[in-house]
Amino acid sequence: MVDFFIGLFLASLITALFTTRLYRLLVWYSFNSLTLGVLALLIGIKIDDNAMLITGIATIVIKAIAIPYFLKSFSQKFHFIRQIQPNIKIQYAIILIPAILVFTFYLAKPITHMIANNSNYVAISISSLFLSLLLMMEHKNVAPKITGFLSMENSLFLLGITATNGMPMLVELGIFFDLLMAIVVINLLFRREEMKNA
Amino acid sequence: MIFYITTIILLLLLAPILLSFIKSLKMLLLFKRPAPLLQGYKNFAKLMQKETIVSQETSSITTYAPFLVLSPLLVTMFFLPPIVHGAFYVSFVDAFTITGLISLSTFFLMLLGLDSASAFGGIGSSREAFISALVEPAMVLTVFSVSMMAGDLGIGQAGVNLAEHFPKEHMASFLFAGISFFILLVAENGRIPVDNPETHLELTMVHEAMILDLSGVYLAIIETAASVKFVIFASLFVSLFIPVGLEYSAPIAILIFIAKLFGVAIAVAILEVNTAKLRLFKVPNLLGISIVFAFLSLITFYVLGA
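Those sequence lines, one after another, are chains V and F. Residue numbers 368 to 565, in the working numbering, belong to the letters of the first sequence in order. Residue numbers -17 to 288, in the working numbering, belong to the letters of the second sequence in order.
Because the hints were derived from the structure by calculation, they are not lab data. Any given hint could turn out to be false.
Cβ-Cβ distance ranges computed for the label pairs, FRET-style [what the hints assert, rightly or not]: (1) V/Ile462 x F/Arg261: 17 to 25 Å; (2) V/Gly541 x F/Asn256: 35 to 43 Å; (3) V/Tyr459 x F/Pro233: 46 to 54 Å; (4) F/Glu184 x V/Leu420: 56 to 64 Å.
With a Cα cut of at most 27 Å, we get these calculated DSS-like pairs of lysine-lysine [claimed, not checked]: (5) V/Lys413 x F/Lys150; (6) V/Lys456 x V/Lys512; (7) F/Lys32 x F/Lys5; (8) F/Lys259 x V/Lys439; (9) F/Lys5 x F/Lys28; (10) V/Lys456 x F/Lys259; (11) V/Lys456 x F/Lys264; (12) V/Lys476 x F/Lys150; (13) F/Lys24 x F/Lys8; (14) F/Lys5 x F/Lys259; (15) V/Lys439 x V/Lys512; (16) V/Lys512 x F/Lys264; (17) V/Lys507 x F/Lys264.
With the C-beta cut set under 8 Å, the calculated list includes, among others, these residues of chain F facing chain V [unchecked claim]: (18) Leu157; (19) Ile161; (20) Gly270; (21) Ile273; (22) Leu278; (23) Ile281; (24) Gly287.
Cβ coordinates follow ideal geometry from the N, Cα and C atoms, glycine included.
Using the sequences plus the hints, can you model the full thing?
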């Protein structure tokens, strides 16, 4: 079951890479975070870690519902361009994405023996890190770049919950506060963008 | 053996109903009065009674191509995975055979479009060639990857293996293959993001453009071929990617299978209502996503074993 959700995680990230509409991108980001939250819940139940259950619920509430909602309302408030064309042509992205995946799968191979269980997940989370970097690279506008940043945070979180047997909860709460700060900064960025548009 | 024959007859009977079901569900979702479920049969009966007119410009291809469109698909129906435990099935047919048979049928459809030398037929054939050239590699990769996971290259055997012991450890690559195959199902059957089956507007049509000159019995055969193609894809999808229900006794297993087919039809109908048709030159992007997922499923299976 964990494999299934990890597949959904990677699949929603890849689909987000091909999206050309802002709201659809936010939907994919929200779906991505939802699978991450469910993964945290599943792994938390498996290793019997209450802190991870709380982080799972917090992930679903904050990242899957609150952040996409706020981003959408910001972009409505500041009248953003909702058509986001990737700079990298889709023909090249089709070659590039499997190349990145193959590269990172082999890249993660030497370190996988250090992690006792779930060694595959390390490879997938590192590759999703690279894919979200690609998502940041391939767009010019601010909003998709921010989504790329947020999904990069998601893949780091995935690395955290799968590679370790439960991170300290303090660290994860710290990450959440960081994210909230990031959203405040994003708000400022959006205002600047609006001034540029006007 | 009796279940083998029953399955094929059942699929043939279900084929027009499934397409009419999609149509009526779409009409229901758009707040129209839905068409009856047996509309496919009514159309078939009506077309069989009508006079068949063949254009003077055509060669002999038009007279035999409709049968050659239908017959590879009928042959494919004999190679599908079983739906009842202990039923007879053909085990040696692999991804290349199924894809080859389906593209043989597409080849004759394209010839049929070109044969009457009308402008529309040419447009339709070139577009169909464009789409099916992109569908085939993804389809071979996807079915190949699933049969690798099942541990047997034959599709029938793969379906049985998947139902008996489902590869839980390969769930991630299984999911990627499922996404890829669903996109192929939509693309190859000419449903909405790729082709709109209801319109006769020259800018958008692919499948309808090729068969615009046909009438009577030939049109009935081609429409049957379209519905049979859909039922082949849907049944491959449900027996490879939703392999549940094979362990029950025969009547319940058949009922579960039919329910799964209708589930696929509902998914396609909801997708059709919710998406706009893509521009023709954006279709490669969609099929590119499908190729990416198919390739991803293979490499996840080989490199990670997940």
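Evaluation of the provided hints:
1. V/Ile462 x F/Arg261: 17 to 25 Å: holds, 22 Å
2. V/Gly541 x F/Asn256: 35 to 43 Å: Holds, at about 40 Å.
3. V/Tyr459 x F/Pro233: 46 to 54 Å: holds, 52 Å
4. F/Glu184 x V/Leu420: 56 to 64 Å: holds, 58 Å
5. V/Lys413 x F/Lys150: holds, 16 Å
6. V/Lys456 x V/Lys512: holds, 17 Å
7. F/Lys32 x F/Lys5: holds, 24 Å
8. F/Lys259 x V/Lys439: Holds - the C-alpha atoms of lysine 439 of chain V and lysine 259 of chain F are around 25 Å apart, at most 27 Å.
9. F/Lys5 x F/Lys28: Answer holds: lysine 5 of chain F to lysine 28 of chain F is near 18 Å, not above 27 Å.
10. V/Lys456 x F/Lys259: The given pair, whose Cα atoms are some 21 Å apart, holds under the 27 Å limit.
11. V/Lys456 x F/Lys264: holds, 12 Å
12. V/Lys476 x F/Lys150: holds, 22 Å
13. F/Lys24 x F/Lys8: Holds. Lysine 24 of chain F to lysine 8 of chain F sits at ~19 Å (cutoff 27 Å).
14. F/Lys5 x F/Lys259: Between lysine 5 of chain F and lysine 259 of chain F the Cα gap is close to 16 Å, so the pair holds against 27 Å.
15. V/Lys439 x V/Lys512: Status holds; Cα separation ~14 Å.
16. V/Lys512 x F/Lys264: holds, 23 Å
17. V/Lys507 x F/Lys264: Holds, at about 21 Å.
18. Leu157: holds, 4 Å
19. Ile161: holds, 6 Å
20. Gly270: OK, holds: glycine 270 of chain F within 8 Å of chain V, min 4 Å.
21. Ile273: For isoleucine 273 of chain F, the interface hint holds, since the closest Cβ of chain V sits about 6 Å away, which is under 8 Å.
22. Leu278: holds, 6 Å
23. Ile281: Nearest chain V Cβ about 6 Å off; hint holds.
24. Gly287: This hint holds: glycine 287 of chain F lies near chain V, its Cβ roughly 7 Å from the closest one there, short of 8 Å.
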